[in-house]
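Asker: If you want the building blocks of each chain, they are given just below.
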Amino acid sequence: MAEPRLIEISPVTRVEGHGKVTIHLDKDGMVDEARLHIVEFRGFERFIHGRLLWEVPVIVQRLCGICPVSHHLAAAKAMDVICGVDQLPHTAEKMRRLMHYGQVMQSHVLHFFHLAAPDLLFGFDAPADRRNIFEVLREKPELGRRAIMMRKFGQDIIEATAGKKIHGTAAIPGGINRNLPIETRDGFLKTVAEMQDWALDALALARDYTLDHAEMVGGFAAFPSKYMSLVREGDGALDLYHGNLRMIDAEGGTIFDQLPYDRYHEVLVEDVRSWSYMKFPFIKEIGPDTGWYRVGPLARMNTVSLIDTPLANAAREELMAAHGTVKVHAVLANHWARMIEVLHCVEKITELLHDPDLQGTDLKATGDRREEGIGVIEAPRGNLIHHYKVDENDQVTYCNLIVSTTHNNEGMNRAVKDVAVKHISGQPEITEGMLNHVEVAIRAYDPCLSCATHALGQMPLEVELLDAAGQTLDKRARAT
Amino acid sequence: MSGFSFQIDGVEVTAKPGQTIMEAADEVGIYIPRLCDHEGLRHQGGCRVCTVKAGGRSVAACTQPAAPDLVVENETPHINKLRRDLVGMLFNEGNHLCPICEASGNCELQAMAYRLGMTEPTKFPYLEPCRPVDASHPDIALDNNRCISCGRCVRASQDVDGKGIFGYVGRGIHRHIAANGPDLRHTDAEVTDFAISAEVCPVGCIIRKREGFARPIGERDYDDHLIGYDIEKKRDE
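In order, the protein sequence lines correspond to chains D and V. Each residue of the first sequence is one higher than the last, beginning at 1 in the working numbering. Each residue of the second sequence is one higher than the last, beginning at 481 in the working numbering.
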């Protein structure tokens with residue numbers, strides 16, 4: 001009889017940050033447990049303490065090099081509240097929105113083409129040395145070129161609005177520190193139409209893949225869940241920059257709707273587990289076992305009532321109709337949803353470039369100081385919450401970050417187990433391709449692992465002292 | 481005694497009696513790097529970044545008087561290496577996190593590192609001190625993690641503002657600048673003081689609250705020019 005075995009996938013590749021997967025097989029080779037572990041630690045929630053409030057949007061964005069704009073803007077929104085500013089000048093809000101659309105576009109393009117496309121184009125079982133962007137460039141040079149140029153367009157928008165392509169400084173408490181010069185705007189107007197054409201082609205690619213592989217997609221880590229995102233006040237439209245919280249169940253029933261996001265802590269709480277630096281949020285009223293939910297592009301497609309740009313709205317309706325269920329639960333449909341959002345971003349960028357408010361000079365508002373501020377945004381990977389308290393000396397005393405990857409923690413772990421059970425359980429030989437299936441499931445969530453690990457002082461730590469034979473001599477545990 | 485001439489890097493320079501090497505160099509558009517020296521403040525000769533070789537001796541150009549027929553070496557590989565090491569030690573002695581510092585782009589220490597070609601971490605160990613931020617004043621904050629003990633604020637406050645808000649405390653490696661009171665709130669510091677102005681603190685230690693990142697990237701002091709550009713451009717005029 002075989003011994004129980006542990007399979008470790010480490011590191012998980014083509015995701016942002018460092019993580020590993022452990023799969024425990026019993027003596028019959030059946031999957032007993034499978035987990036996604038986040039093995040790095042960042043701790044921003046703690047070491048931001050004592051820093052001055054206007055530094056926060058610049059410091060916390062250093063969490064990530066792929067979507068720093070999301071953290072920059074979420075923190076800036078929280079600091080707007082702390083500085084007593086409830087309404088930004090039009091120029092400031094539109095510059096921030098333009099920055100955010102550029103960010104979502106470039107991040108989604110990076111994810112779809114650079115990280116996920118090798119799996120989709122060459123197959124999950126393709127040799128590992130083929131599953132990379134360089135092979136995409138070699139075999140499909142035009143597609144690869146477009147991927148690079150679309151990402152560049154998004155990055156150029158970020159540079160024009162934030163000052164730098166990565167880690168800019170433009171969003172300041174109460175506003176923005178620059179507007180968009182006419183000559184810069186005109187440069188973007190020359191290429192934005194081509195970007196829209198390419199976004200439509202990319203959308204068709206993602207849609208066709210999903211439809212052509214409908215059976216596989218429908219059975220690959222596809223399970224119902226609750227979904228949450230911001231939606232626009234009033235009509236419930238997709239709004240990546242601002243809105244209220246909406247949570248729905250797997251059938252589309254309302255759990256809460258149009259909830260002002262500064263009340264997030266009334267409905268959500270976070271659990272910690274000993275084997276991960278990443279917390280597990282859940283709906284307070286329902287509890288950790290069934291109160292988990294998912295966020296991200298597919299979650300947004302499920303939660304919103306409509307999209308306020310015509311091409312993306314039509315694409316969303318096609319996505320929803322194609323699945324024949326009230327809501328779409330197939331994790332791989334995230335790629336289709338992601339490309340709908342790229343199209344939406346290009347449409348919004350086009351709209352904004354024609355708006356003269358971007359050349360305005362009223363950049364900053366002021367108000368009466370408050371002690372606490374919450375900023376929420378829809379980051380590329382999903383809902384992002386920044387919550388701060390600041391003392392009378394302008395120094396941060398409290399910080400809580402719930403990032404998209406954290407919201408999706410339970411969902412990703414379930415996806416890992418689902419795929420492991422289907423593709424690894426009972427197999428006489430475990431191949432690299434089988435293990436890549438597990439990574440494909442994680443990758444579909446586009447996790448940003450480094451963004452998500454801040455649970456300093458809250459993990460239930462356990463230390464074991466073992467002798468040379470592996471026998472436990474002593475054990476110490478700290479409960480939460 | 482009338483004016484006299486001496487040489488800096490082979491260039492004939494005319495000086496007036498009593499002028500330091502740096503003062504004479506500035507007038508003719510020769511930049512000698514400096515951090516603790518600042519126009520309008522008495523010379524200190526503390527940071528030694530302005531070290532030059534004069535008559536074969538290493539001296540601080542900000543305090544050493546010029547002399548007839550003196551031969552001064554300024555821009556040599558050896559001297560710039562010495563300066564780069566000095567600047568490197570300043571970086572390693574404090575916590576200079578340029579990517580998140582609101583002074584980035586306006587910071588003379590950072591600009592000096594660029595000018596001297598400091599493109600990578602130095603060989604010196606990081607001391608990583610843990611210094612509290614004094615944000616008690618309603619309009620001013622002091623982040624001593626970024627202080628390089630240049631003393632410009634001490635001289636500005638004493639000599640220009642006539643207040644003596646800042647002073648040195650401690651000895652040796654523990655010597656640092658502190659507010660003359662239990663904290664900044666309990667001094668008579670005002671944001672309009674010369675000592676608090678943007679031009680006095682060369683780094684991001686003295687902070688005028690709420691300015692932060694209001695000045696965008698691309699419009700900061702050293703975004704387009706090396707430090708010393710304002711002096712060197714005189715040679716082209």
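No lab work stands behind these hints: they were computed from the structure. Since the model is a prediction, treat every value here as computed from it, not as a measurement. Where hints are given, some of them may not hold.
Straight-line distance between alpha carbons at most 27 Å, and here's what the computed DSS-like set of lysine-lysine pairs gives [claimed, not checked]: (1) V:K533 - V:K714; (2) V:K689 - D:K364; (3) D:K164 - D:K27; (4) V:K713 - V:K689; (5) V:K689 - D:K164; (6) V:K643 - V:K689; (7) V:K496 - V:K689; (8) V:K714 - D:K389; (9) D:K422 - D:K27.
The following residues of chain V were derived to be distant from chain D, with all beta-carbon distances above 12 Å [unchecked claim]: (10) G520; (11) G525; (12) Y594; (13) S616; (14) G631; (15) K643; (16) I653; (17) P662; (18) T667; (19) T672; (20) I697; (21) H705; (22) L706; (23) R715; (24) D716; (25) E717.
Pairwise CB distance ranges (calculated) [what the hints assert, rightly or not]: (26) D:Q258 - V:P612: 41 to 47 Å; (27) V:D703 - D:G367: 37 to 43 Å; (28) V:L607 - D:H49: 20 to 26 Å; (29) D:D186 - V:V640: 27 to 33 Å; (30) V:A678 - D:D271: 54 to 60 Å; (31) V:P612 - D:R130: 20 to 26 Å.
Ideal Cβ positions, reconstructed from N, Cα and C, are used throughout, including at glycine.
Asker: A separate judgement is required for each hint: does it hold in the structure or not?
Answerer: The hints, checked one at a time:
Taken as a hint, the K533 of chain V and K714 of chain V pair is honoured in the structure, with Cα atoms around 23 Å apart against an allowance of 27 Å. About 16 Å separates the Cα atoms of K689 of chain V and K364 of chain D, which keeps this hinted pair within 27 Å; it holds. Distance restraint check for K164 of chain D and K27 of chain D: the Cα-Cα separation of roughly 54 Å exceeds the 27 Å cut-off, and the hinted pair is therefore not satisfied. Between K713 of chain V and K689 of chain V, the direct Cα distance comes to roughly 33 Å. Violation of the 27 Å bound is thereby established for this hinted pair.
At roughly 24 Å between alpha-carbon atoms, K689 of chain V and K164 of chain D fall within 27 Å of each other, so this suggested pair holds. Proposed proximity of K643 of chain V and K689 of chain V is supported: the alpha carbons are some 20 Å apart, at most 27 Å. Under the criterion of a C-alpha separation no larger than 27 Å, the hint pairing K496 of chain V with K689 of chain V is inconsistent with the structure, at around 42 Å. At most 27 Å may separate the alpha-carbon atoms for a hinted pair to count; K714 of chain V and K389 of chain D exceed this at roughly 50 Å.
The hinted pair formed by K422 of chain D and K27 of chain D meets the criterion: a straight-line CA distance of about 17 Å does not exceed 27 Å. Every CB of chain D is more than 12 Å from the CB of G520 of chain V (nearest about 28 Å), matching its label as outside the interface. Remark: the non-interface label on G525 of chain V is consistent with the geometry, its nearest Cβ contact in chain D lying 33 Å away (cut-off 12 Å). Every CB of chain D lies more than 12 Å from the CB of Y594 of chain V, the least distance being 16 Å, so the non-interface label holds.
With a closest Cβ-Cβ approach of about 6 Å to chain D, S616 of chain V is found to fall inside the 12 Å limit, against its non-interface label. Interface exclusion of G631 of chain V from chain D stands, the closest Cβ pair being 24 Å apart, more than 12 Å. In this structure K643 of chain V is separated from chain D by more than 12 Å, as the shortest Cβ-Cβ distance comes to about 22 Å. Residue placement check: I653 of chain V keeps its beta carbon more than 12 Å from all beta carbons of chain D (closest about 24 Å).
The beta carbon of P662 of chain V sits about 14 Å from the closest Cβ of chain D, which is more than 12 Å, so the claim that it is off the interface holds. For T667 of chain V, the shortest C-beta to C-beta distance to chain D comes to about 15 Å, beyond the 12 Å cut-off, and the non-interface label holds. Every Cβ of chain D is farther than 12 Å from the Cβ of T672 of chain V; the closest lies at roughly 19 Å, confirming the non-interface assignment. In this structure I697 of chain V is not separated from chain D by more than 12 Å, as the shortest Cβ-Cβ distance comes to only about 3 Å.
At roughly 18 Å, the least C-beta separation between H705 of chain V and chain D is larger than 12 Å, which holds for a residue marked as non-interface. L706 of chain V, annotated as away from the interface, keeps every beta carbon of chain D farther than 12 Å; the closest lies near 20 Å. Distance to chain D confirms R715 of chain V as a non-interface residue, since its nearest Cβ pair spans about 32 Å, more than 12 Å. Listed as outside the interface, D716 of chain V is consistent with that label: its C-beta sits roughly 29 Å from the nearest C-beta of chain D, beyond the 12 Å cut-off.
Consistency note on E717 of chain V: stated as away from chain D, and its beta-carbon is indeed over 12 Å from all of that chain's, at 30 Å minimum. For the pair Q258 of chain D and P612 of chain V, the supplied restraint of 41 to 47 Å holds, since their beta-carbon distance comes to about 43 Å. About 31 Å separates the C-beta atoms of D703 of chain V and G367 of chain D, a value inconsistent with the hinted range of 37 to 43 Å. Roughly 22 Å separates the CB atoms of L607 of chain V and H49 of chain D, a value that falls within the hinted 20 to 26 Å.
Against the hinted window of 27 to 33 Å, the Cβ-Cβ separation of D186 of chain D and V640 of chain V comes to about 48 Å, which falls outside the hint. At about 47 Å, the CB distance of A678 of chain V to D271 of chain D disagrees with the hint of 54 to 60 Å. Separation of P612 of chain V from R130 of chain D is about 54 Å and departs from the stated range, judged on CB atoms against 20 to 26 Å.
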